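Protein sequence lines, in the order shown, are assigned to chains A and B. 133 is the number that the working numbering gives to position 133 of the first sequence; each next residue is one higher, with no gaps. 4 is the number that the working numbering gives to position 4 of the second sequence; each next residue is one higher, with no gaps.
No wet-lab data here; the hints were simulated from the structure. Don't take each hint at face value.
No distinction is drawn between identical chains; accordingly, a pair holds when it is met within one copy or between any pair of copies.
Straight-line Cα separation of at most 25 Å, DSS-like style, residue types lysine-lysine; simulated pairs [to be verified]:
{"hint": "1", "residue 1": "K131", "residue 2": "K3"}
{"hint": "2", "residue 1": "K237", "residue 2": "K387"}
{"hint": "3", "residue 1": "K303", "residue 2": "K356"}
{"hint": "4", "residue 1": "K131", "residue 2": "K237"}
Just so we're clear, the structure is a prediction, and the values are computed from it rather than from any experiment.
The lines below spell out each chain.
Protein chains: 2
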Amino acid sequence: MEKLREIVREGRRVGEEDPRRIVHAFKVGVALVLVSSFYYYQPFGPFTDYFGINAMWAVMTVVVVFEFSVGATLSKGLNRGVATLVAGGLALGAHQLASLSGRTIEPILLATFVFVTAALATFVRFFPRVKATFDYGMLIFILTFSLISLSQFRDEEILDLAESRLSTVLVGGVSCILISIFVCPVWAGQDLHSLLISNLDTLSHFLQEFGGEYFEAREYGDIKVVEKRRRNLERYKSVLNSKSDEDTLANFAKWEPPHGKFGFRHPWKQYLVVAALLRQCAHRIDALNSYINSDFQIPIDIKKKLEEPFRRMSLESGKALKEASISLKKMMKSSSYDIHIINSQSASKALSTLLKSGILNDVEPLRMVSLLTTVSLLNDIVHITEKISESVRELASAASFKNKMKPTEPTVSLKKSDSGSIGCAMPINSRDGDHVVTILLSDDDDDTSNNVVDDDTINEKPEDGEIHVDTSCVHGVGMMLEHSLGVRILQI
Amino acid sequence: MEKLREIVREGRRVGEEDPRRIVHAFKVGVALVLVSSFYYYQPFGPFTDYFGINAMWAVMTVVVVFEFSVGATLSKGLNRGVATLVAGGLALGAHQLASLSGRTIEPILLATFVFVTAALATFVRFFPRVKATFDYGMLIFILTFSLISLSQFRDEEILDLAESRLSTVLVGGVSCILISIFVCPVWAGQDLHSLLISNLDTLSHFLQEFGGEYFEAREYGDIKVVEKRRRNLERYKSVLNSKSDEDTLANFAKWEPPHGKFGFRHPWKQYLVVAALLRQCAHRIDALNSYINSDFQIPIDIKKKLEEPFRRMSLESGKALKEASISLKKMMKSSSYDIHIINSQSASKALSTLLKSGILNDVEPLRMVSLLTTVSLLNDIVHITEKISESVRELASAASFKNKMKPTEPTVSLKKSDSGSIGCAMPINSRDGDHVVTILLSDDDDDTSNNVVDDDTINEKPEDGEIHVDTSCVHGVGMMLEHSLGVRILQI
Numbered sequence: 001m002e003k004l005r006e007i008v009r010e011g012r013r014v015g016e017e018d019p020r021r022i023v024h025a026f027k028v029g030v031a032l033v034l035v036s037s038f039y040y041y042q043p044f045g046p047f048t049d050y051f052g053i054n055a056m057w058a059v060m061t062v063v064v065v066f067e068f069s070v071g072a073t074l075s076k077g078l079n080r081g082v083a084t085l086v087a088g089g090l091a092l093g094a095h096q097l098a099s100l101s102g103r104t105i106e107p108i109l110l111a112t113f114v115f116v117t118a119a120l121a122t123f124v125r126f127f128p129r130v131k132a133t134f135d136y137g138m139l140i141f142i143l144t145f146s147l148i149s150l151s152q153f154r155d156e157e158i159l160d161l162a163e164s165r166l167s168t169v170l171v172g173g174v175s176c177i178l179i180s181i182f183v184c185p186v187w188a189g190q191d192l193h194s195l196l197i198s199n200l201d202t203l204s205h206f207l208q209e210f211g212g213e214y215f216e217a218r219e220y221g222d223i224k225v226v227e228k229r230r231r232n233l234e235r236y237k238s239v240l241n242s243k244s245d246e247d248t249l250a251n252f253a254k255w256e257p258p259h260g261k262f263g264f265r266h267p268w269k270q271y272l273v274v275a276a277l278l279r280q281c282a283h284r285i286d287a288l289n290s291y292i293n294s295d296f297q298i299p300i301d302i303k304k305k306l307e308e309p310f311r312r313m314s315l316e317s318g319k320a321l322k323e324a325s326i327s328l329k330k331m332m333k334s335s336s337y338d339i340h341i342i343n344s345q346s347a348s349k350a351l352s353t354l355l356k357s358g359i360l361n362d363v364e365p366l367r368m369v370s371l372l373t374t375v376s377l378l379n380d381i382v383h384i385t386e387k388i389s390e391s392v393r394e395l396a397s398a399a400s401f402k403n404k405m406k407p408t409e410p411t412v413s414l415k416k417s418d419s420g421s422i423g424c425a426m427p428i429n430s431r432d433g434d435h436v437v438t439i440l441l442s443d444d445d446d447d448t449s450n451n452v453v454d455d456d457t458i459n460e461k462p463e464d465g466e467i468h469v470d471t472s473c474v475h476g477v478g479m480m481l482e483h484s485l486g487v488r489i490l491q492i
Numbered sequence: 001m002e003k004l005r006e007i008v009r010e011g012r013r014v015g016e017e018d019p020r021r022i023v024h025a026f027k028v029g030v031a032l033v034l035v036s037s038f039y040y041y042q043p044f045g046p047f048t049d050y051f052g053i054n055a056m057w058a059v060m061t062v063v064v065v066f067e068f069s070v071g072a073t074l075s076k077g078l079n080r081g082v083a084t085l086v087a088g089g090l091a092l093g094a095h096q097l098a099s100l101s102g103r104t105i106e107p108i109l110l111a112t113f114v115f116v117t118a119a120l121a122t123f124v125r126f127f128p129r130v131k132a133t134f135d136y137g138m139l140i141f142i143l144t145f146s147l148i149s150l151s152q153f154r155d156e157e158i159l160d161l162a163e164s165r166l167s168t169v170l171v172g173g174v175s176c177i178l179i180s181i182f183v184c185p186v187w188a189g190q191d192l193h194s195l196l197i198s199n200l201d202t203l204s205h206f207l208q209e210f211g212g213e214y215f216e217a218r219e220y221g222d223i224k225v226v227e228k229r230r231r232n233l234e235r236y237k238s239v240l241n242s243k244s245d246e247d248t249l250a251n252f253a254k255w256e257p258p259h260g261k262f263g264f265r266h267p268w269k270q271y272l273v274v275a276a277l278l279r280q281c282a283h284r285i286d287a288l289n290s291y292i293n294s295d296f297q298i299p300i301d302i303k304k305k306l307e308e309p310f311r312r313m314s315l316e317s318g319k320a321l322k323e324a325s326i327s328l329k330k331m332m333k334s335s336s337y338d339i340h341i342i343n344s345q346s347a348s349k350a351l352s353t354l355l356k357s358g359i360l361n362d363v364e365p366l367r368m369v370s371l372l373t374t375v376s377l378l379n380d381i382v383h384i385t386e387k388i389s390e391s392v393r394e395l396a397s398a399a400s401f402k403n404k405m406k407p408t409e410p411t412v413s414l415k416k417s418d419s420g421s422i423g424c425a426m427p428i429n430s431r432d433g434d435h436v437v438t439i440l441l442s443d444d445d446d447d448t449s450n451n452v453v454d455d456d457t458i459n460e461k462p463e464d465g466e467i468h469v470d471t472s473c474v475h476g477v478g479m480m481l482e483h484s485l486g487v488r489i490l491q492i
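Please put together the full structure from these sequences, using the hints given.
Set out below in structure tokens:
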């Protein structure tokens, strides 16, 4: 009884995690009943086969081919269809050939054919490229070839068998494909797209919060709040192990027809490139995470000085990722992450200038290890963030995203924000005077409040290159960015 | 033509990579021919079924169930067998129930049964635990249940159908299982065991070479040699992505009967624990690797002083992993890695003492970043190595390895080695005077020459606790280990 309740609870959890699973279960049931009733209860069509073998093939095809996503269903269905066709043709040929050789040699010849074909096809299944795309097709190839060439019938009967097998596989396969495409479709491509966006958001969230956690971790009292925030931060861990999911989704996505915002030949491979960079970043973040609570024994005044550029590095990298995620979500080209990357690089430069200024000269080297490692990891992250936004840009152009979000050569000037604090602004190629980058001050920790660009009511003219950047860490420090845009500053 | 040659080349590569694949292809061919000839050409047994449907099920079972490893074949075979049995029974019951309701309602009732069962079973396939172990069984359950309950026969015919389906699945499945177990078996458990050992060796190799690479990288002239060594070092990258392989192998291994050195209930799960730690270590190594060629701009005399403990940390961690790998390979309990872990910890302590001594006081903080990060990563690695050997120890005791390799409370004293240099020795709980740890000096870089413990001719009495440790980096520095054995030194 307790066991049963547990199963029900597990079922509810699985269903709530992704309600499309429940829909999928219904779809399978419907497809099965439809296809079988087509064969069993049809008023038209002959019901000639004694064992209902045609219906069997059709039912079997539905059960085996109907997968969760459209891509997976198409991949299996096409594999099964084509393999059945090819193997059927070859097996008929083999049968014909063997029948020429006389009654005694025929079975031996057929067995040899089956042996050679099965062994060869089994071996070919080990080829990495075949395994990735045609594994199921090879299986069905062996199956159909063996079944048809070993069957002991006269040629016309075999033709019948081959034809009925092919037609039923087609009926079953096509039903699955149609139902999976037209009834609440689950697109692997869409899932991959969303997974990438959510991974970008997760890492962005960590980086935007990290500075605060690092410098304030010991100041908070309420354990529950801290715990909850920590758990929230550690969501990045899911990114560490997302590789196999991504690979599977990308593998299925390439089978899918154009759908929604995804056109023909959407660059799914490029998603894997971005995902790999995200994983690299997540590994650095994993290392960073272990330093959040490290006691870095550095005099409080030095700490205070380091805090601003330090926080900004992390925050701006996080924002760059957020912008990349928004660009992906809206499927629009964007260069608004450039600003954040430049900001993070300038912060990194400021930090390295600060460190060069001898601020740590009186600190014992050993006490610096944690701090310097953190700085070095953050530098890595700034660098990887740049690569990520580069790869997102490539993705955007390979997928022909629209241009709407791209600011036309933004120029930047100083502007006082409403909150009365000093914003920091970076003059870049000042040709046109009315495009500004304003860094608004706000202490809002909320994950979503940072996406001002995402919010059209606040950011009225994103096309004009006016980008409002909301930051929670700038304490009135004006940082001037040095001239070049793409400069890689971090050679410390 | 060029295409064909490429395929042949790929085939040769795939075959050479693992010749068991060729054997497997032959085994599948043989099983297929055997089973089908049993049905087609049998002198005994009735040949009653018109469409050769029994033979079809048998052939189909062979094609679908015969997998590369014994575990995978057993998992699929048992899943298929049990699912067919259960679904057959339920379907007969459903048929009986439906037939009570009269000719018109019967088909509707049957279709409802099929719909509900298929939808439920499809949903249950999403449960993580079901997906991991019984996914294929659920598929076959749906298939068999639908086939049998939808077939329009009288009860005795259905019994026939159910019986023949079950018996042919059994014949096909049992043939596959027997052939896969008794003809050149491929054990997933053995593969997992070997994979873990090879991963341990790979990381060990990196750590043993790292010190040399780090300090000598710029001194070598021959690009080819350097390249080759680099490639050799970077084999660790395979460890980063081995998770899915390990998970799959462990999943299959638990289906396998006792074989070779692996008894009943061998702790395959613990392999995954060790593997996860190895991956953690590999990620640190990945980070380390990026510092190998970093120019760490530190005066040569300071560098020289740091080199010894630095090298020793890395080398001794590497040796600890090597010992763990040997313990696994021989399937014997061992505590010889303790010595190396203590050595690496003492080296880490020495390094931190050196750093504390103010050796870096005149160096600009920024110039230290690369060095200190490397030190911090190495400290992490020393710590993870300790955890790895702990988990290998747990594995050894869970799997009831033999005791042979365990030295009985090793005590350690100073001993002059043949090469005339000073060995370094660590007195630990000196109760018994004649157990020694000698660190022999040698400049041999060879990967295998480090495993003196592995070589019985050199290490004649491993049971007595005399452990010869071969090192290529100790420059006559005697390091005394501070009293406690398990001390975690690295709080820098």
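Status of each hint after checking the structure:
1. Proximity of K131 and K3 under a CA criterion of 25 Å is satisfied inter-copy only: 18 Å between copies versus 39 Å inside one chain copy.
2. Proximity of K237 and K387 under a CA criterion of 25 Å is satisfied in both settings, with 21 Å inside one chain copy and 20 Å between copies.
3. Proximity of K303 and K356 under a CA criterion of 25 Å is satisfied in both settings, with 15 Å inside one chain copy and 21 Å between copies.
4. Within a single copy, K131 and K237 get their C-alpha atoms only as close as 29 Å, which misses the 25 Å cut-off; across copies the closest is 22 Å, which meets it.
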